[in-house]
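Q: In the order they appear, the protein sequences are chains A and B. Here the first sequence is numbered in this note's numbering, starting from 9 and rising by one per residue. Here the second sequence is numbered in this note's numbering, starting from 2 and rising by one per residue.
Read the hints as simulated data drawn from the structure, not as lab findings. Built from N, CA and C at the ideal position, the CB exists for glycine as well. One should not assume that every hint holds.
[Unchecked claim] Short derived list, chain B residues pointing at chain A, Cβ under 10 Å:
1) Ala144
2) Val146
3) Trp150
4) Leu161
5) His162
6) Ile257
7) Phe262
8) Leu276
9) Val295
10) Ala297
[Unchecked claim] Sample of chain A residues lacking proximity to chain B, with all beta carbon distances greater than 10 Å (derived):
11) Pro67
12) Ile159
13) Tyr169
14) Phe200
15) Leu214
16) Pro221
17) Ser253
[Stated by the list, open to error] Over 12 Å on every C-beta distance to chain B, these chain A residues come out as not near it, computed from the model:
18) His30
19) Trp36
20) Arg37
21) Ile54
22) Ile60
23) Ala62
24) Glu72
25) Ser76
26) Gln80
27) Gly90
28) Gly93
29) Ala118
30) Val138
31) Gly208
32) Arg213
33) Val217
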Amino acid sequence: MSVAGREGREAGPDLVKAGSEHWIAVTWRAFRKDRFAVIAGIVLLIIIAAAIAAPIVAPFDPYETESSLRLQGYGTEGRLLGLDGQGRDILSRLIWGGRTSIPLAVIPVALAMAISMALALVAGYVGGLVGTTLMRLVDMLYAFPTVVLAIVVAILVGNSYPSLALVVVAVLVAPITRVAYIAVREQRGRDFVDAARATGATPLRLMVVHIAPGAFPSVLVYSSTLIGLVIIFVAGLGFLGLGISPPTPEWGLMTAEGRTLLGVAPHIATVPGLVIGITAVCFNLVGDGLRFALDPRTRNIG
Amino acid sequence: MGRFLARRLAVTLLVLWGISALTYMLVAILPGDLASELLGVWANSRSPEVLEQLREEMGLNRPWYERYVVWLGDFVRGDFGYGVIYRAPVAELVWDALKNTLVLAVAAFVPSTALGVGAGVFAGTRPNSLADRSITTLSVLAASVPQYWLGLMLIALFALHLDWLPAAGMWDTRNPGGLRDLGLHLILPALTLAAVPTAVISRLVRSAMIEVMQQDYIRTARAKGLHERAVIRRHAARNIAPTAINIVTLQFGYLISGTIFVEVVFAWPGLGGLLLGAVASRETAAILAITMLVAATFVLMTLIADVAQSLLDPRVRLE
Numbered sequence: 009m010s011v012a013g014r015e016g017r018e019a020g021p022d023l024v025k026a027g028s029e030h031w032i033a034v035t036w037r038a039f040r041k042d043r044f045a046v047i048a049g050i051v052l053l054i055i056i057a058a059a060i061a062a063p064i065v066a067p068f069d070p071y072e073t074e075s076s077l078r079l080q081g082y083g084t085e086g087r088l089l090g091l092d093g094q095g096r097d098i099l100s101r102l103i104w105g106g107r108t109s110i111p112l113a114v115i116p117v118a119l120a121m122a123i124s125m126a127l128a129l130v131a132g133y134v135g136g137l138v139g140t141t142l143m144r145l146v147d148m149l150y151a152f153p154t155v156v157l158a159i160v161v162a163i164l165v166g167n168s169y170p171s172l173a174l175v176v177v178a179v180l181v182a183p184i185t186r187v188a189y190i191a192v193r194e195q196r197g198r199d200f201v202d203a204a205r206a207t208g209a210t211p212l213r214l215m216v217v218h219i220a221p222g223a224f225p226s227v228l229v230y231s232s233t234l235i236g237l238v239i240i241f242v243a244g245l246g247f248l249g250l251g252i253s254p255p256t257p258e259w260g261l262m263t264a265e266g267r268t269l270l271g272v273a274p275h276i277a278t279v280p281g282l283v284i285g286i287t288a289v290c291f292n293l294v295g296d297g298l299r300f301a302l303d304p305r306t307r308n309i310g
Numbered sequence: 002m003g004r005f006l007a008r009r010l011a012v013t014l015l016v017l018w019g020i021s022a023l024t025y026m027l028v029a030i031l032p033g034d035l036a037s038e039l040l041g042v043w044a045n046s047r048s049p050e051v052l053e054q055l056r057e058e059m060g061l062n063r064p065w066y067e068r069y070v071v072w073l074g075d076f077v078r079g080d081f082g083y084g085v086i087y088r089a090p091v092a093e094l095v096w097d098a099l100k101n102t103l104v105l106a107v108a109a110f111v112p113s114t115a116l117g118v119g120a121g122v123f124a125g126t127r128p129n130s131l132a133d134r135s136i137t138t139l140s141v142l143a144a145s146v147p148q149y150w151l152g153l154m155l156i157a158l159f160a161l162h163l164d165w166l167p168a169a170g171m172w173d174t175r176n177p178g179g180l181r182d183l184g185l186h187l188i189l190p191a192l193t194l195a196a197v198p199t200a201v202i203s204r205l206v207r208s209a210m211i212e213v214m215q216q217d218y219i220r221t222a223r224a225k226g227l228h229e230r231a232v233i234r235r236h237a238a239r240n241i242a243p244t245a246i247n248i249v250t251l252q253f254g255y256l257i258s259g260t261i262f263v264e265v266v267f268a269w270p271g272l273g274g275l276l277l278g279a280v281a282s283r284e285t286a287a288i289l290a291i292t293m294l295v296a297a298t299f300v301l302m303t304l305i306a307d308v309a310q311s312l313l314d315p316r317v318r319l320e
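Work out the full structure, taking the sequences as your base and the hints as a guide.
A: Below you can see the structure in the form of structure tokens.
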């Protein structure tokens, strides 16, 4: 499961060559080689750009209803993806929906990563009573059934954007901390950490300079796989009626609205779900590409 | 090991106690309560004194921590309370739902474990081959499909369009019963539920396998002239077995708590639907029982995963 670097391995020719330039350039050159990741990245950029530019890009008002065109399918005149049960333009609602679904996944993941890394370093390095107590609290949160947590917290804090983000962070901190903790402990046991300690490195330096960089790739890879899942999860809350409330365009909510019309107009549920899936796939592919580009062992620079 | 287990079990109980207290508190501070749910909106607005009286009778007027202590006392003695809205003991309600959820979870878990581990090992031993790329791509796709959407699509295709399989429920409405009936109703939800764990397992097993295949002892095994299949079976597979068991056990824990979307989409009479209903009607006893059950399963799975990994892999020390 770990992608942490192995010790005792001398730099290959690629690393010697890479050493002369900035690591971002090296990562980018490696990332560029992964065609899937690049394509996924471009698709994501398009989706994000469309969401940002929604007022300009969206062909129709997402709330405007055209009752004569209710339930019309794909390719109805000027309505690329058809209309929903209330006669609203699905494409426009999807474009506007990106403004809800994407930030609600990305921001909480980044927040949770920062919190988790700090928790794991303290728990994994300091250990002892502090570490045990911390990890037990994390275990408690981790064992807290995700759905129960989400349902109860969602009802409790309401369904505004910040409170939904809070729900997601609450759900994410425990699993990410667990992964980070395992990675930190694995790093802590390595010879180079002992060596650094023997040379008199302070605990803080050991944690930040020697352990964190080795543990971080596992956390980053794990978290990058989570963004896709969180997109699905946030939309899932919408699907269950616990997310952003109607009539705000949101992908999960749109899928749910199509559910009762599945027999009559299957496109209403199909299209938003497809967008959720495509966005999640793209995040996962970009995450994979990043992982390979960041890991010197798999990095292929030609 | 004995000391570790004793301590870990004690910690497990502590974790569960913490969860119960937290859940009770959260549910208690939710707007609305069981009494107002029982009387309905009309009665609430018309006769607040009746609502007050009912609250008094049900003990809902006391602060939540007092009610929690009473609940905890009953709970540890095996009395899980009574589901007022459902008119049945909570133990009975949860047990019935649990059986259904377990049927669905196992039906999804067994094939996804076999397929996931198999595909992961296969892909991991030939990284970057066409087979590996196909498996990786498929698993990325499968992991990225929203369960609720996959379920809807399967219903639209196999139930509504082709009319091959039932769209919802666990049994036929007219003449329920029999394995065939259950099996037919199981196919679509089990398929929906299996997609994500299969993908996750194969992905994690694959990367564990790739990591192992780069180890020095694999090179040694090859250098001494061992056949590649023997290298994989005797050296690589054995070394990822602890990791694989850890991964798979944890996935089962996730599966139990993750059935809710599938249950909602397919109207499967399991814990998910019961939980949503219980939260909606503020049935504290039922919410707590389900939360504790799911959390306990999860904690135990984590414990089993850790213990199994350390038993099989001496490098992993339990402290």
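Q: It remains to establish, for every hint, whether it holds in the given structure.
A: So, going through the hints one by one against the coordinates:
1. Ala144: Given a least distance of 7 Å, the restraint on B/Ala144 holds.
2. Val146: The hint holds - B/Val146 has a Cβ within 10 Å of chain A, the shortest such distance being about 5 Å.
3. Trp150: With a minimum Cβ separation of about 3 Å from chain A (threshold 10 Å), the hint on B/Trp150 holds.
4. Leu161: Holds, about 5 Å.
5. His162: holds (8 Å)
6. Ile257: holds (9 Å)
7. Phe262: holds (6 Å)
8. Leu276: Since chain A brings a Cβ to about 7 Å from B/Leu276, closer than 10 Å, the hint holds.
9. Val295: Holds, because the Cβ-Cβ distance from B/Val295 to chain A comes to roughly 4 Å (cut-off 10 Å).
10. Ala297: Holds - the Cβ of B/Ala297 comes within 10 Å of chain A, reaching about 8 Å at its closest.
11. Pro67: holds (24 Å)
12. Ile159: About 5 Å separates A/Ile159 from the closest Cβ of chain B, which leaves it inside 10 Å; violated.
13. Tyr169: holds (20 Å)
14. Phe200: holds (17 Å)
15. Leu214: Since the minimum Cβ distance to chain B is about 19 Å, A/Leu214 lies beyond 10 Å and the statement holds.
16. Pro221: holds (18 Å)
17. Ser253: It holds; A/Ser253 is separated from chain B by about 15 Å at its closest Cβ, greater than 10 Å.
18. His30: The assertion about A/His30 holds, with a minimum of 27 Å to chain B.
19. Trp36: holds (21 Å)
20. Arg37: Label holds. Min Cβ-Cβ 18 Å, cutoff 12 Å.
21. Ile54: holds (17 Å)
22. Ile60: Check passes; 23 Å lies beyond 12 Å.
23. Ala62: holds (22 Å)
24. Glu72: Consistent with the label, A/Glu72 stays out of reach of chain B, its closest Cβ about 26 Å off (over 12 Å).
25. Ser76: A/Ser76 is indeed farther than 12 Å from all Cβ atoms of chain B, at 25 Å.
26. Gln80: holds (18 Å)
27. Gly90: holds (15 Å)
28. Gly93: Correct as stated: the minimum Cβ-Cβ distance to chain B is 15 Å, above 12 Å.
29. Ala118: Fine: 20 Å to the nearest Cβ keeps A/Ala118 off the interface.
30. Val138: holds (15 Å)
31. Gly208: holds (26 Å)
32. Arg213: Given that every Cβ of chain B is farther than 12 Å from that of A/Arg213, nearest at about 24 Å, it holds.
33. Val217: holds (24 Å)
The earlier numbered hint that this structure contradicts is number 12, and it is the only one.
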